[in-house]
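What follows is each chain in one-letter form.
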Amino acid sequence: MKSKERTQSNESARATEARAEDLKAGGFIPQRQKSKITVRCKAPGGRMTSERLERIAEVARTYGNGTVHLSVRQSPEILYIDLADLDAVVRELGEAGQEIASCGKRFRVTTACGGCEYNPNGWVDSQLLAAEMTNRFFGRETPHKFKTCFAGCVIDCPRARDTDLGFHGMVEPTLVPDRCTSCGLCVRSCRDGALSTDDEQLPLRDHDRCISCGDCIKVCPFDAMIPKRIGHAVYVGGKHGRHPHVAYPVAQFVPDEHVPAVIETTLRWYREYGNRGERIGDTLDRVGIDSYRRALKSVVGDALLAAADLQKPKWRRLFYRGVVDAFPPYGDVGGATGESDGTPGCREH
Amino acid sequence: MEHQAVESIDLRGTPCPLNWVKTKLRLEGMGAGELLEVLLDDGDAILNVPRSVKSEGHRIIAVSPVDSGFRLVIERA
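Chains as they are written, first to last, in my numbering: chain G, 918 to 1266; chain U, 92 to 168.
These are computed hints drawn from the structure, not numbers from a lab.
One should not assume that every hint holds.
Said to hold, decoys possible - In silico SDA-like pairs for lysine to any residue, Cα to Cα no more than 25 Å straight-line:
(1) U:K145 <-> U:A168
(2) G:K1145 <-> U:S143
(3) U:K145 <-> G:Q1118
(4) U:K145 <-> G:S1099
Computed from a prediction, not measured in an experiment: that's the story for all the values here.
Isolated chain U (complex conformation) (with noise of 0.2 Å):
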């Protein structure tokens, strides 16, 4: 299943909690609904940018493995 995202951010080399940080930001400046695309390294990242996201009340659609690490699709609430 292919969820087109509105936003990108490539977030691959950045450590926590900066990448969590930069992923809340960015989908503070999007509207109820829209969705953003987020690469997180596998490791640490993507165990845990998606616990912040879910405890925020985002709605996380879809992971995937990319290239070293992992593609992200939130569903900003």
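Same shape as in the complex, but just chain G (with noise of 0.2 Å):
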């Protein structure tokens, strides 16, 4: 009778414990009132069913106090939960397949603009990858907490270049001279002097000025003006909090089946070199931004940023005003030597 008790207890204390780490990688977070906690539930792109709202209102009302937060990374937080009501809370949020977020050094759920599915600047399915790598990759533990984002075009509304690691999505136009009718539209569309009108009145993109909006491409009356190829520009080690770092931008036109070894590469490059307690944006600090590229390279090659590219224009204005000059200069990881399709001050149609 006695050990049967021993044993019971010996349980509670373990399911005590279990519930303690479950609580800190489950995304409850204990709140200023005792007892009381927020729930994180999942939301990658902060996108869900209108079943799962109504299912997390409910929730709300039946357990909380009625009102939900929204997290500044699109997770809604239901307020004021008993600890007692957890098991409850969790189960019926499950039956209607919301998933709980997480807390603490962890890769995050990702979030992300609506993208290219329906948002009319979009160039890349923001949505679709946000969803897809908090599958592959949400609660892989690391040495402090790793988020990531998604954005589907240059304008970033999500954030990709205040993230751990982040993305957003460029287009590369390029000319079909016999449809082009010379009625100027693109020349105009352009924000950042990159194209001009040519003697035979053509329009000619400068390169290093091209911010790979795709403004051009979608004002063209004619489909002249079209994709030549569609890709992510690649983030790492942002982060706002009390020490905020900005990104280092790493790595330009990553097409989509390259982004899942992106995260891989740099979640592996983070662990090994990290230390406990240390966002990725202060080990690059530490390790020297190089050591990062050179793991990089392997998985991007060519799509590398060099040191030269981050002196043109359009890195100049992609990025936060006068934060390149403070960079440590990006040294050769081998092979690296900037764009793969044009030398500095190339100009085509």
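From the two separate chains plus the hints, produce the assembled complex.
Structure follows, in structure tokens:
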């Protein structure tokens, strides 16, 4: 009898321990109010079905005080949940397919804008990538929290440039001269002075100025300006918080299919070099950006940005004003010599 | 190349997105393959309206400068 009690008590201790670990890993945030917690719901890219949204509302009314807070990173958080109701809350959310997000030192739910599915500006499917990458990497343990973000275009509404590992869509335009009527709308639409008109009244593009927004493609009435390639710019080391850190731009035109390998490689590098409690931006500063660039090079090849790229008007305009000058210089990591498709100053139709 | 439009609408002075709404309404009252001439301001109007026209599936067959703006010829889808 006694031994049975002890077993139960051990089990209960283990359960409490497991519960504490679950709390930390599981997206349950202690509130200022004693024994009340906030339950953070998983919503990659801030998207969910209306059924899940309804279930979150029901749970908030039944177990909380009827309020929900939308976190800065797109997660609906149910407030004022009693610790004792946790299992019921998790079960009822789970019945509607609503999973719980996470906190702590791990890969967090990915954020994203609307992307190309329905946002007229988007070039890449940031919603799909946010869902897939969350499925693949969510919860993986890292030296400190690790946030990822996908933006559909260079406008970067969800702030990929402020994220541990951020991606924004980019498009390289090319001209089909036969279709061009020299109406000049593309030249007018360019906000970066990358397009001019040549002697034959055809648009001429300055590679070093073009920031890959795709406005010229969208404005062209005759489909004469079309996408040549679409991919992602990659930024690493960004964060906000009390000691904000701007991300390093490290690659461009990375195709969708290389994105998982970029994340995998970055996580591996971070786990190898990062100290516990150190965000990747600080690890990069301590260990050196070239160590990371070398690792990334094996995945992205010529898409890796070189020191010369950052001196081009396009990167100086794509990036925070003045910040590039404060960067440690990017070294030679073998083969990265800047853009693969153009020499400095190269212009083409 | 001069295109003879069936209908014409002068939207110079009409701001975005009202210029597109009026273009769309006019197109809806027309038959497939018919041509609509639209006069638009330079600036936002000429950068935005063609984009919307294209995304609705209509075809733009001419763009040319006119007094204080542009002339657009649209073939209704």
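Hints versus structure:
1. Using a Cα cut-off of 25 Å, the hinted pair U:K145 and U:A168 holds, with the two alpha carbons roughly 10 Å apart.
2. Pair hint G:K1145 plus U:S143 holds up; C-alpha atoms about 22 Å apart against a cutoff of 25 Å.
3. About 23 Å separates the Cα atoms of U:K145 and G:Q1118, which keeps this hinted pair within 25 Å; it holds.
4. For the given pair, U:K145 sits about 18 Å from G:S1099 by alpha-carbon distance, which is consistent with the 25 Å threshold.
In this structure, every one of the numbered hints holds.
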